Amino acid sequence: MSAAILGAGLLLAQLLLAAAMGCAAWRLMRGPRAQDRVLALDTLYMLAAMLLLVFGIRSGSTHYFEAALVIALLGFVATAALAKFLMRGEVIE
Amino acid sequence: MSLVPAVPLWLALMVALLLVLGAGLALIGAIGLLRLPSFYERVHAPTLATTLGIGSILIASMLYFSVMESRAVLHEVLIAAVVVTTMPVTLMLLTRAALHRDRREGDSGAPPLPPARGAGE
Numbered sequence: 000m001s002a003a004i005l006g007a008g009l010l011l012a013q014l015l016l017a018a019a020m021g022c023a024a025w026r027l028m029r030g031p032r033a034q035d036r037v038l039a040l041d042t043l044y045m046l047a048a049m050l051l052l053v054f055g056i057r058s059g060s061t062h063y064f065e066a067a068l069v070i071a072l073l074g075f076v077a078t079a080a081l082a083k084f085l086m087r088g089e090v091i092e
Numbered sequence: 002m003s004l005v006p007a008v009p010l011w012l013a014l015m016v017a018l019l020l021v022l023g024a025g026l027a028l029i030g031a032i033g034l035l036r037l038p039s040f041y042e043r044v045h046a047p048t049l050a051t052t053l054g055i056g057s058i059l060i061a062s063m064l065y066f067s068v069m070e071s072r073a074v075l076h077e078v079l080i081a082a083v084v085v086t087t088m089p090v091t092l093m094l095l096t097r098a099a100l101h102r103d104r105r106e107g108d109s110g111a112p113p114l115p116p117a118r119g120a121g122e
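Chains C and L, in that order, give the protein sequences. Using the working numbering, read the first sequence as starting at 0 and increasing by one per residue. Using the working numbering, read the second sequence as starting at 2 and increasing by one per residue.
If you are wondering where the hints come from, they were derived from the structure by calculation, not from laboratory data. Given the structure is predicted, the values throughout are model-derived calculations rather than measurements. Backbone N, C-alpha and C define an ideal beta-carbon position, used for all residues, glycine too. The hints are all genuine.
Chain C stretches covered by chain L per the calculated footprint, using a threshold of three residues with CB under 8 Å from any CB of chain L:
(1) 6 to 12
(2) 22 to 28
(3) 35 to 45
(4) 51 to 64
(5) 69 to 83
Simulated DEER-style distance windows between Cβ atoms:
(6) C:A66 / L:S67: 16 to 22 Å
(7) L:H45 / C:L73: 19 to 25 Å
(8) C:A24 / L:E70: 32 to 38 Å
Construct all of the structure, not just a fragment, from the sequences and the given hints.
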């Protein structure tokens, strides 16, 4: 009973996150300007970290946590660098 | 489900609820990202929902592993700290870059300049 509830919750969370990633990917492809695409990419990074955490709960191992942490950190670096590029036209001055 | 070991009922209910809440908030944020008309409105949608959503998924993960391993598993706090400190900074940078681009190109969608500006400008 409780395993069924947990399994259903995990499956529903994965489906909702996949739909959210679909929305973000659509904005990434269609976005009228570059800043929309960067924003969609940042959202995709965060959604990927969340999806990895849900995978970690499903498989019962804490190793997915490290991947989620790395993705969250890389998302920050990537978005900061892209924002700098949009602002100045170059990343490193 | 073969992968999920025997869990107490209250834990299964709480973890499932928190996971669905977090994923639902993320989906609401992504729909906002898709549907809102201008960039300056679109910036707000994913931040709120993604920060709240990742928060509740992290609480679910902490709760599950703490009960299943009979010890306090708190390393998810690290992700929460990273996300909460970096998300406002990145989106502030991105919005300033977008504002700079819009003003340089004379786009009418950009917010107007404030009336009184510093002498150092």
